[in-house]
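Use these hints to put chain U onto chain Z, whose structure you have.
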Amino acid sequence: MSGERTLAWWLVFLGMLHGTVVFAGFFAPYDPAEQDRQNPYAPPMRLHLVDTEGHLHMRPFVYALKLREGAFDQFEDDTAHAYPLSVFVRGSRYRLVGLLPSRLHLFGVEGTRFYVFGSDAYGRDQFSRLLFGGQVSLLAGLLGAGLSLLLGLGIGTLAGYYSGWKDEVLMRIAELFLALPWLYLLFGLRAFLPLAVSPLETFFLIIAIIGAVGWARPARLVRAIVLSAKERDFVRAARGFGASDLYLMRRHILPETKSVLLTQLAILVPQYVLAEMTLSFLGLGIPEPVPSWGNLLSNLQQYSVLVSYWWMYLPALAIVPFFLGYLGLASLLRERRDGCKIERAGQGSVT
Amino acid sequence: MRYVLRRTAHVLFLLIGVSILAFLFSTLAPGNYFDEMRLNPQIAPETVVALRSQYGLDRPLPWRYASWLNSVVRGQMGFSFAYNSAVAPLLLPRAGNTLLLTITATLLAWGIALPLGVCSAEQLGRVPDRLISWATAALLVIPDLALALGLLVLAVKTGWFPAGGLASVGFESLSLIHKIRDLALHMTLPVVALVLSVLPLLVRHVRAAVADVLDAPFILAARGHGIPRRTLLYRYALRAAANPLISLFGFSLGVLLSGSLLIEVVMSWPGLGPLLLEAILARDLYLVLGGVLLSGLFLAGGNFLADILLYWVDPRIRTEGHAQ
Numbered sequence: 609m610s611g612e613r614t615l616a617w618w619l620v621f622l623g624m625l626h627g628t629v630v631f632a633g634f635f636a637p638y639d640p641a642e643q644d645r646q647n648p649y650a651p652p653m654r655l656h657l658v659d660t661e662g663h664l665h666m667r668p669f670v671y672a673l674k675l676r677e678g679a680f681d682q683f684e685d686d687t688a689h690a691y692p693l694s695v696f697v698r699g700s701r702y703r704l705v706g707l708l709p710s711r712l713h714l715f716g717v718e719g720t721r722f723y724v725f726g727s728d729a730y731g732r733d734q735f736s737r738l739l740f741g742g743q744v745s746l747l748a749g750l751l752g753a754g755l756s757l758l759l760g761l762g763i764g765t766l767a768g769y770y771s772g773w774k775d776e777v778l779m780r781i782a783e784l785f786l787a788l789p790w791l792y793l794l795f796g797l798r799a800f801l802p803l804a805v806s807p808l809e810t811f812f813l814i815i816a817i818i819g820a821v822g823w824a825r826p827a828r829l830v831r832a833i834v835l836s837a838k839e840r841d842f843v844r845a846a847r848g849f850g851a852s853d854l855y856l857m858r859r860h861i862l863p864e865t866k867s868v869l870l871t872q873l874a875i876l877v878p879q880y881v882l883a884e885m886t887l888s889f890l891g892l893g894i895p896e897p898v899p900s901w902g903n904l905l906s907n908l909q910q911y912s913v914l915v916s917y918w919w920m921y922l923p924a925l926a927i928v929p930f931f932l933g934y935l936g937l938a939s940l941l942r943e944r945r946d947g948c949k950i951e952r953a954g955q956g957s958v959t
Numbered sequence: 175m176r177y178v179l180r181r182t183a184h185v186l187f188l189l190i191g192v193s194i195l196a197f198l199f200s201t202l203a204p205g206n207y208f209d210e211m212r213l214n215p216q217i218a219p220e221t222v223v224a225l226r227s228q229y230g231l232d233r234p235l236p237w238r239y240a241s242w243l244n245s246v247v248r249g250q251m252g253f254s255f256a257y258n259s260a261v262a263p264l265l266l267p268r269a270g271n272t273l274l275l276t277i278t279a280t281l282l283a284w285g286i287a288l289p290l291g292v293c294s295a296e297q298l299g300r301v302p303d304r305l306i307s308w309a310t311a312a313l314l315v316i317p318d319l320a321l322a323l324g325l326l327v328l329a330v331k332t333g334w335f336p337a338g339g340l341a342s343v344g345f346e347s348l349s350l351i352h353k354i355r356d357l358a359l360h361m362t363l364p365v366v367a368l369v370l371s372v373l374p375l376l377v378r379h380v381r382a383a384v385a386d387v388l389d390a391p392f393i394l395a396a397r398g399h400g401i402p403r404r405t406l407l408y409r410y411a412l413r414a415a416a417n418p419l420i421s422l423f424g425f426s427l428g429v430l431l432s433g434s435l436l437i438e439v440v441m442s443w444p445g446l447g448p449l450l451l452e453a454i455l456a457r458d459l460y461l462v463l464g465g466v467l468l469s470g471l472f473l474a475g476g477n478f479l480a481d482i483l484l485y486w487v488d489p490r491i492r493t494e495g496h497a498q
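Which chain is which? The protein sequence lines are Z and U, in order.
Each position in the first sequence, counted from 1, maps to that position plus 608 in the working numbering.
Each position in the second sequence, counted from 1, maps to that position plus 174 in the working numbering.
In isolation and in its complexed conformation, chain Z is listed as follows (with noise of 0.2 angstroms):
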């Protein structure tokens, strides 16, 4: 089967991507929170094979940035000496995943900063802020979107299994969260919760804020197809042999609801990621100085930033490869299921 083996390499591309995102001590050069306060706003820097006096390198080197002369924030290459690129370095202090204490890093530059994607205002390297950023939003998103498909599947369930009054009630419940344009409701909810609380309760508290926005739609798609499975014959004939409301549940009917919840799993975690971002950029989400792909980008909103600093906008770029691999993995499931050539897209998320 093609079709496996592409949805096979989807979840490879997906898997290498988050495992950079994973394991970012490793992956990054330095420390996300480390300032460099020489070197603000430092552009990234390039990789060199050949020197200025045309010799060749065996091993690719960079030179450190000084201040052009007359400037204050306009750097250029101090070709007096050049720093040899290494792998398998040991630098700052990480913990891998969280416990696994470790200074091994994959690559990095003795004598010198090395900025691939540039340095913020203190001089904090960019690329490891965008793999710890990845942390951070990349969890939110998959939280956030479990969340709502849990709270999407019970109530969906129980509103398809008993219909009647408690499925009228949910439903018109469901409706009033369908009322608002989603980044409305968004900020209806964070009005109401404490704006300056530290970095892990906010993170706890945006996963909640974005997996409660979301549950309307997949509690519609689930209760349709509870109300369905519900009346096939297999279901009722082990009813008849008095099986509980429970087993019947759990033994029949969610196991179909399985390939719609992963195809909303593979819609909803980019669309929550994106939520994280929008609030974070505002200021509104994970504030600094952890780092999220949202406040990474909110520099941006400075109009200096924005005419002289292009390479703040880098991480825009970088995170469209996750976009790309869940969109893929998405319209590939839904492809599966619905088993039609025409590519029905956007389905999941209108119905």
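Check each hint, because a few of them may be wrong.
Said to hold, decoys possible - Cross-link-like lysine to any residue pairs, in silico, SDA-like; alpha carbons within 25 angstroms at most:
{"no.": "1", "chain 1": "U", "residue 1": "Lys-331", "chain 2": "Z", "residue 2": "Ser-700"}
{"no.": "2", "chain 1": "Z", "residue 1": "Lys-674", "chain 2": "Z", "residue 2": "Ser-700"}
{"no.": "3", "chain 1": "U", "residue 1": "Lys-331", "chain 2": "Z", "residue 2": "Asp-681"}
{"no.": "4", "chain 1": "Z", "residue 1": "Lys-774", "chain 2": "U", "residue 2": "Arg-181"}
{"no.": "5", "chain 1": "U", "residue 1": "Lys-331", "chain 2": "U", "residue 2": "Pro-302"}
Honestly, the hints are just simulated from the structure, not real lab data.
Only a predicted model underlies this, so the values are computations on that prediction, with no experimental measurement involved.
Below, chain U alone, put in the same frame as chain Z:
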């Protein structure tokens, strides 16, 4: 007529439900505007208590809800603590600016998506369809935020478009034509960002809906009668495919309203976005509530319009109305 009445009642019910939910939630949540005032040593505790009672925050929830409803009926929509004024005069000019963006973007997006989607469906699997599919997929994977910021970087680098705001300095002194030109220039970037963010969704749905219809026997029959291609596609096929697309209209409006909220902040467009953001940061309860409910009203208005359109286009719904 009965259909219209039923839809209106539905919208009213929804808005009231949302407002009750919002009120309930606002009491459960800790903290309000005056809590921060209480921390300020320059303000006497008695003053805070007096202010609280002046705004009725010490009264029970049903009383507050009733008085808020009363002020909505009088066209004030509650009272903003931070601006010390009624909410409606603060919200309405901003809402006008938001609608200007959203409506322009909606019209443009549908205006572009319909021909593209129809073309794609007609050429299903051939080169134009492939090209359009690739382009929409590429647009789909770029997050709104990255798109808006990218456009802004572009604008700043090239200097072709103003990098934000609604009008240039000295807007008042311009002649009418220059005013329109100035406004159009300022609107270009936010509208382009909005259109691009919703376009892939629309094109894909139009393509799927029209492709479904093009398989139908009546299309073959119409083609056999020698009806010209363009008439066939746009008058017969598109009309038959209209039902799912019209329901998509309301959804697209919701996406655009949300997108507009973010893009207004990014591009400093004086709409609801920046106002709401400030209101949240200042814990200005009624202002946030007013803005959120207003967005619900817009969305409901859009859905209402879609329902009317559907009623007009789809004879099945009309007969359903008569049968009752």
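Does the structure break any of the earlier hints, and which numbers would those be?
1 and 5
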